[in-house]
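*Asks:* Here is how the chains run, residue by residue.
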Amino acid sequence: MLAKLIKGAAASATLALASALPAQAVDLQFYFPVAVGGGAAETIEALTNEYTADHPGVNIDAVYAGSYQDTITKVITAARGGNAPQLSVALAVDMFTLIDEDLILPFDDFIKTDEDRAWLNSFYPAFMENSQTGGKTYGIPFQRSTPVLYWNKAAFAEAGLDPETPPATWEEMVEMGKKLTKKDANGNVTQWGVRIPSSGFPYWLFQGLTTENDVILANADGNKTNFDDPKVVEALEYMVSLSKDHGVMEPGIVEWGATPKAFFEGQAAMMWTTTGNLTNVRKNAPFDFGVGMLPANKRRGAPTGGGNFYLFKGTSDEQLSQAVDFIKWITAPEQSAKWTMATGYVAPRPATWETETMKQYAKDFPPALIARDQLEFAVAELSTYQNQRITQIFNDALAAAITGQKDAATALAEAQAKADAILADYR
Amino acid sequence: MTRFDRWLANSGAILLGLLWILPLLYAIWTAVHPAEYEARFVLDAPLTLDNFAKAWAAAPFARYFLNTFTLVTAILIGQFVLCTLAAYAFARYRFAGRDVLFALVLLQLLVMPDILIVENYKMIRTLGLVDTITAIALPYIASGFGVFLLRQTFMTVPQELDDAARIEGAGTLAILWRVYVPLAKPTYLAYGLVSVSHHWNNFLWPLIVTNSVETRPVTVGLSVFSTTDSGIEWSVINAATLMTSGPLLIAFLLFQRQFVQSFMRAGIK
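In order, the protein sequence lines correspond to chains V and F. Here the UniProt record's numbering is used: position 256 in the first sequence is 256, and no number is missing along the way. Here the UniProt record's numbering is used: position 6 in the second sequence is 6, and no number is missing along the way.
If you're looking for bench data, these hints aren't it; they were derived computationally from the structure. Note that CB positions come from ideal geometry on N, CA and C, so glycine has one too. Hints should not be assumed to be uniformly reliable.
In silico BS3-like links for lysine-lysine, alpha-carbon gap of 25 Å or less [claimed, not checked]:
1) K298(V) x K178(V)
2) K244(V) x K406(V)
3) K54(F) x K338(V)
4) K244(V) x K183(V)
5) K136(V) x K112(V)
6) K261(V) x K54(F)
7) K283(V) x K54(F)
8) K313(V) x K122(F)
Listed below are several chain F residues computed to face chain V (Cβ distance under 8 Å; list not exhaustive) [to be verified]:
9) T48
10) I117
11) V118
12) Y121
13) K122
14) R125
15) V130
16) L204
17) L207
18) I208
19) N211
20) D229
21) S230
22) E233
Chain F on its own, in the form it takes in the complex (with noise of 0.2 Å):
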């Protein structure tokens, strides 16, 4: 690499991550100081906390917040523990229908959730889950994408080691727990990563299939904000922004190494 390519990729780069971070900036900006400093960027425009206690009051964030984290847990421990099983029989064993049923796993893949959203409604009602954290993650336990990317792993995974395993007396369970798991690691971290932010951010399924507070997650506290007849208050809405995503900007900046290098690994761009 030449040192004009060198300087040419700083500063792509440099120009993409601002870009990137110009919006937060502004969130930032207008979260901390009154609305009548939204437009206007003046160094000397007063602080104020304001706008994040009039936004934590406009809804209960703070049973919201736990919804969320106990979804996004529960649905990561089940996504886990069903996609490595799937994955480890659809990579290590040979059986009646495999491919079919694989080809029926990636077709998952294809179909946009939103489609199916009556669909799933009936049968949560079906099972009388309406209104659960349980309705809310159910449908997105059995992840066509994890059981395709773990299985992709798991294949890579050299026959040798399995066989010393089994020879050294390991019984199925123990070599895909001895084995199998702790190598595929960096893709555990990156798909559990997708994973929870993805269900962190997601709205409209939790809102139609919950009614009440004890079972919303965050994003539907949010939408209180969204007040298209009245005019839309920035510096609100961005506080609450901000305060809702906070805990995932935290969690990425603590752990960012080891999340870029199991990305590079894990194969996920």
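Isolated chain V (complex conformation) (with noise of 0.2 Å):
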């Protein structure tokens, strides 16, 4: 009676416990840079840690990986050395580096059902230019950005101008830098009427100018560049001769870091810069400002810009596909919600600007939905192979146009030259 008393307890112990853990507990290792302020980093902590608490049986180590150069870097040399993260977020721009390092998976081989497909589907077209190539996808958008423009209500109105239109055009943002440009008694400008940042990694708001003068930059293979196109030396005269001709803007390298703080204390009346801005530019403007979406030129355009997901190489299937669960969890409408209203990422796909929250968040702030207005106008961000480089040839050549070594033609022209020997290998 006893023993069959001690029996039936283990037994059911036994089932107590298989029921409450899964057959064998998923590790995964997930990589994420952090570039933007407000606590980014705890966001995505609480994030996973909401996911492993309703999934029991799944560990998810978050790993902190610096910058996105940082993050690549780790990314790289772990997978080289034979520890690969099961998912990072890396720059979009990487895609192609990744592939040719022959580390990343693509998604399609762990899509099976329809609902699977409709996910895949559902992100922003813009976003997935720049993560899908040769037929397949490589990058789910997680931290993406476009840039806008942000304009100084209280400068237009002391110059004579509509505080609440922002330039449609190049001439009028033309036009309207002259209005807004400001000098003192001794001939020093005091307000700028424009500021578009050429520092660091000037090729990106640059692409606005050359997707607005309707030139792509670089084909969807990522092996051929149009930098010597004569409507990308048009575009690069345009901005040139916002400081040359019109003395709208400073003359010489505009620094990138420094640009929300001289919009803050009116040195320029109007920025370029990154949607990723708008919480910062919302809590430390002393002005009334408004966000607008890029002047048109032949079109209206702008580049994507940030991070998306990656699987990687190296570990199980079972691991992987339980990756894939997290990011479609992750890219799903309510956490996404929340991961744009920390952070000022543009939600990248339609459904979450559908949800309470945001429409809520939007509805308190306008100037969030401008980004997203404008992605219908948006293009990939500029990414090849052999991306670093190619990308500091072009920033060289812009940055030589800009200081005024070199006419825009030549720079390009030789830009070209030197991008065509490099990719000529992967054609």
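Using the hints, put the two standalone chains together into the complex.
*Replies:* Quick look at the structure:
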């Protein structure tokens, strides 16, 4: 009798254990970069904890990996050292580099049901341009951004302009810029009309101009650039003319990092910068400001930017399926809304904007919608094989033209020749 | 030296000193004032410690400081032991292949450590040490620079002192400990300073080989402020910079005289 009782108790205990613990625990490692202030790392950790709490048997080790540059170095080193994480967020433009290094897997291998396919098709097409190549999807948009125009309404009113209307075209930006540029008694400029930063990665904002001039900088296969296209030359000439001919922008290389500060202090009445700055500007601008789409020329246009999820080779299918499940969860509308509101990144799926939380957020702060609406006109950020080298060549050409060392056409023709020499191997 | 020469040398020194200290002064200015005064230098700007509080809260700095402290101490002890023994052998013993081996040690000075990151990572992983403080320290313990520096110092020790100690009956290690090490004290101090400040500031390798708060040094904590996508908050980043470099700055000011003298004697400039 006693033996039977013990047996029974043991059996029920085993049963209870078995139902509490799934067959075996799945461990995932997840690297993420941080490029915005305001506790982005805490938000990621809170979201991961929420997921693991809902999914017993899954452990996610979320590892902060520095800036985007640091993250790509860390992930490539770990992967070559045979210790790749299952998933990582890295720049969308690093896709070709990661394919070239043979480190990542397409998501298509894990897309099985119709529901999965619907999920893959539920992102804004502008964001998917940097995430797909050769008919496969290698990146899932997560922390994505796009540049917009911020303007100082007080300065507009003071210059006799309508404070509610930003420039809609290139010509208008120059005209308004002229009215907004103020000089003191000695002829020194105290307030510039517009500020398009050109330090560090000038190609990104410049890509706003080329897109508006209806030209694409690189093909979708990432092996051919169009740097010497006459429309690119024209866009660069326009950018140079802003300071050289029209005197509405500070001459020389304009610092990216100091741009929001210059805007707050009234040194520039309009600035071009990422939507990632929205929360910063909202918190710190001492005047009423507006957010608008970049002005158009032949068409409207802007590049996209920011980071995607990637899946890394080298671990079991079970882990990778679990990683895909996690990515599906974190890009779902509710989670995505939390992330967007915490950071200012553009929610990458239309469904997120339909949630109650996001509707409320957009109602309180309508400028948040501008970036989303601009996505319709947005194109892929410049991304090619050997991406670091190619963008460096292009950046150098832009810097040479901006500082007046070379004219736009020469600088761009040289850049195209150098890029061709590198990319010929990939055609 | 004529009076004019002296005047020229002094004003040159003052100018260089000013240039050196300006960024530090700017960092202090922005760190103790609210963000609005980053580029406005008025005397009545309100003072605040909020930036430090914000910076301290942005990452688990207390733990990071402990890690950095453990790390630089472990590296320093390891380097002293290993480099002393190696330098003694190279300076005072004749053995087959000595010159070739020494040339190999010198070769290490020419190789940028960053090139070896992938190889080092593979090795650390084979040893099962990823995400430990040992992993951060290990590649730096056998320092070619330290071996070279100590060997040169040991070679200047008169052979007579060595012989005298031997006649007194001291063994090999006792001679090293009683004769060579005390005479090389300035070199140890100078090398120690270079090593500590280098590893205090090292960033890339620790970031790559560690994953958790329990092992990461302060520099990794500092990097959360490089928020290029959303504009940089100079006041907070400068407060954090002062905070993380503070212990080193204070230590240097305290031991300044000894350091300067050691550098003169050890011949590092």
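*Asks:* So, for every hint listed, does it hold in this structure?
*Replies:* Status of each hint after checking the structure:
no. : hint              : in the structure
1   : K298(V) x K178(V) : 22 Å, holds
2   : K244(V) x K406(V) : 13 Å, holds
3   : K54(F) x K338(V)  : 22 Å, holds
4   : K244(V) x K183(V) : 16 Å, holds
5   : K136(V) x K112(V) : 14 Å, holds
6   : K261(V) x K54(F)  : 19 Å, holds
7   : K283(V) x K54(F)  : 16 Å, holds
8   : K313(V) x K122(F) : 17 Å, holds
9   : T48               : 16 Å, violated
10  : I117              : 6 Å, holds
11  : V118              : 5 Å, holds
12  : Y121              : 4 Å, holds
13  : K122              : 5 Å, holds
14  : R125              : 5 Å, holds
15  : V130              : 6 Å, holds
16  : L204              : 7 Å, holds
17  : L207              : 5 Å, holds
18  : I208              : 5 Å, holds
19  : N211              : 4 Å, holds
20  : D229              : 4 Å, holds
21  : S230              : 4 Å, holds
22  : E233              : 6 Å, holds
Checked against the numbered hints given earlier, the structure breaks only hint 9 and satisfies all the rest.
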